[in-house]
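One letter stands for each residue in the lines below.
Protein chains: 2
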Amino acid sequence: MADDGNGFGRAAAKVDEARLWQRHVDMARLGGTPRGGVRRLALDANDIQARALLAEWARPYGWAVAMDDIGNLFIRRPGSDAAAEPVLSGSHTDTQPSGGRFDGIYGVLAAFEAMEAMEAAGIRTRRPVEAVVWTCEEGGARFPMGTMGSGVFVGRTPLEKARAVADYDGITVGAALDAARAALPGVAHRPIGSPIAGYVEAHIEQGPILEEKGLQIGVVTGIQGSRRFLVEVEGADAHAGTTPRARRRDALSAAVAMVGALERLFHDDPSDTVRFTVGRFVVTPNAPAVVPGHVAFTIDFRNPEPEILRRLGDQVDPICQANRGQCTVIVTQTSGGAPVHFADRVPDAVEAAARGLRLGHMRIFSGAGHDAGPLHAVAPSGMIFVPCEKGISHAEAENATPADLAAGTRVLAETLVDLAR
Amino acid sequence: MADDGNGFGRAAAKVDEARLWQRHVDMARLGGTPRGGVRRLALDANDIQARALLAEWARPYGWAVAMDDIGNLFIRRPGSDAAAEPVLSGSHTDTQPSGGRFDGIYGVLAAFEAMEAMEAAGIRTRRPVEAVVWTCEEGGARFPMGTMGSGVFVGRTPLEKARAVADYDGITVGAALDAARAALPGVAHRPIGSPIAGYVEAHIEQGPILEEKGLQIGVVTGIQGSRRFLVEVEGADAHAGTTPRARRRDALSAAVAMVGALERLFHDDPSDTVRFTVGRFVVTPNAPAVVPGHVAFTIDFRNPEPEILRRLGDQVDPICQANRGQCTVIVTQTSGGAPVHFADRVPDAVEAAARGLRLGHMRIFSGAGHDAGPLHAVAPSGMIFVPCEKGISHAEAENATPADLAAGTRVLAETLVDLAR
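Top line first, the protein sequences correspond to chains A and B. Sequential numbering from 1 applies to the first sequence in the working numbering. Sequential numbering from 1001 applies to the second sequence in the working numbering.
By construction, these hints were calculated from the structure, which means they are not laboratory data. Please note that a few of the clues may not be correct.
[As the list claims (entries may be wrong)] Pairwise CB distance ranges, derived in the manner of DEER restraints:
1. B:E1085 <-> A:A261: 57 to 67 Å
2. A:G174 <-> B:P1060: 52 to 62 Å
3. A:R358 <-> B:D1169: 54 to 64 Å
4. B:E1212 <-> A:G174: 26 to 36 Å
5. A:A261 <-> B:K1213: 49 to 59 Å
6. B:Q1326 <-> A:A261: 43 to 53 Å
[What the hints assert, rightly or not] For lysine to any residue, the following SDA-like pairs were computed, each having C-alpha atoms within a straight-line distance of at most 20 Å:
7. A:K213 <-> B:P1244
8. B:K1213 <-> A:A246
9. A:K213 <-> B:R1247
10. A:K390 <-> B:A1236
11. A:K213 <-> B:A1246
12. B:K1014 <-> B:R1247
13. B:K1213 <-> A:E234
14. B:K1390 <-> A:A246
15. A:K390 <-> B:K1213
16. B:K1014 <-> B:A1120
17. A:K390 <-> B:P1244
18. A:K390 <-> B:Q1326
19. A:K390 <-> B:R1247
20. B:K1390 <-> A:R245
21. B:K1390 <-> A:A236
22. B:K1390 <-> A:E234
23. A:K390 <-> B:R1245
24. A:K390 <-> A:M362
25. B:K1390 <-> A:R247
26. B:K1390 <-> A:D68
Just so it is clear, the structure is predicted and the values come from calculations on it, not from any experiment. The C-beta atom is built at its ideal place from N, Cα and C for all residues, glycine as well.
Use the sequences and the hints to build the structure in full.
Dropping the structure here:
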């Protein structure tokens, strides 16, 4: 493969660990929290500013920057064949409400760094390579729809459906997108969903396995499936001091009974492979002296096995109904995704790159959802994991080392050179 | 008692049912909600406006209007003996976050109407009579301290302690009071806690008993005791898709276990006299894909029996500790009040007035807390209850009839004439 001047390892050798780290530091200022985390919600001012900063970094290279109608941002390094479908790499710039400095943004910065490394190495690829920011990956952090930008890109979600989604303050994605568009006047427009040749996403593992095994690279083979539910419990507001229990329709009491029963159902010791989380729980009117008349809570349920997803997920509604007491309850499945198994092409390329660079690696299955999930439906896709401290993620304490971030980026650079030949 | 020209029934005869109802309608506009309730939180713009409106209504009568340092408002109808301690009557203008049109405001408007009726009847009392608005009766609706204004008035709570209390947005009572002061430039200032001769408070029952028995008047003999707690559960934020249950420190899961165990402890079928409510439950970061790292919830526990208050209340902390799982928990008792038993003077006067007016009445114990609780520590105090529809209160559906409100006001007017002789 050396005949095109792109001999193995030349791109990796130009990955600049200090520059990559500094870019993480710069991005972490956009929405940085006092406790060292990041709060950069999808399409908020900081998330838009992150796009502007990337566009600024691209300018010295003369790389074209474009945004599509769902706010996905693309930075294009041309290939020698202008008609060839591009290879994409990226992730997301949005975070959880009290998120960390690496989830998502690492994949974007790694893609950008890989393109810079190719440039520094003078590598010519046949296909264009694009660094991409997918809009609103973090479902429910602001808008209750995850992998929104990638989902629209691949045609899984109609654009108008995504634009109609409202955040908890009633602001729609459409309104937020229009504001983003206005704030980025120098960024060109491009249509949604042009064909691509492949997709690779670098990401922190968000789990403890690589750290525990002392390996720098996870060759991701797939993503576990998920079902998410919204449970709305309706009772009646009442006076806490005067209303006998027999006359109460206490929505919190019913919701607590439901969560308790669901936890028993989803308990799977000792295997502990079922992921069941009630992460959002909103009480109305939420006043100490009022028996609550309304509770809404979310269920995030994930598993690698379709059969377990079906069997346990189908019991959510009956369990809630059985524990509603004097209240009524409506259970809605808000999203669901089958487990993803990546085709061999990208994982094999990632593995070959890790081996070639003599980096400790293993095949690994992703517990978290990622934009690579939707992308896998339209092109060979895969992911590269690097360790994060104690497996902590979706938290301000999230941490990763400059060396591990650079190692993953070296593997990414070589993988992109391979895929873009 | 007719020798002073104040013969029984003359004040009651001048109570104007239509005027009293219209004043309720006018007040319900201040913070009125689309569903027919009222949201007028302590010292918010509507609550200040309610004081301004009362002052405006007082002006034609030439009655002095004054406010003390905790925002309690006093409207004074003079007596023949300027040196005599006044008799007070009133309640509060603040509501629950989604409260009703009668809780609190009825007692204020009934006192004002009773003074108007005395005026119309040409009744002279020896003692001054004052209609009073007590600041922030509804604990936790905005500021986490109930019967604040009356508590400061009687010396139970130091002014500076009350001023330092902050709402859920961090705004202190002190800052809100300064804004109220500035918004009411025409209202005189007066010192806190001058001596009083007695206190009578009219209020909707907030329970179903009078309605069920077909009686218009409750002669309130006391108020049940209460203990309120704040429970703060600390775990660790974690990724919902990747973190095994064995590694989680899920604050919501622990809080749900605590509430479930507490509900079992406080269950007292068939007597159903224990009032146990978790009314406020706040999850952080409250995002669907994040295992919650923090939950804070309140417990409102009330009972007429000191022994039950002690025995069950003392088990709150051990029960929470036993159910904390991998989290830590801190339980704080935020307030507590022993049951109140009013001295005979005022209940006897209320009962005599109801009997004299031939209104169906009964002695009744209050499940809800009221400003009459603190007042009872410094002067003979009591209350008059009127029915409310289905006993519903602390809810937008709260309702009462013009006829019942007027009947309670007639009893109040005669009681005030009696106490102010």
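Discussion item. Hint compliance check: list the failing hint numbers for this structure, sorted ascending.
Written reply: 4, 5, 6, 12, 13, 15 and 26
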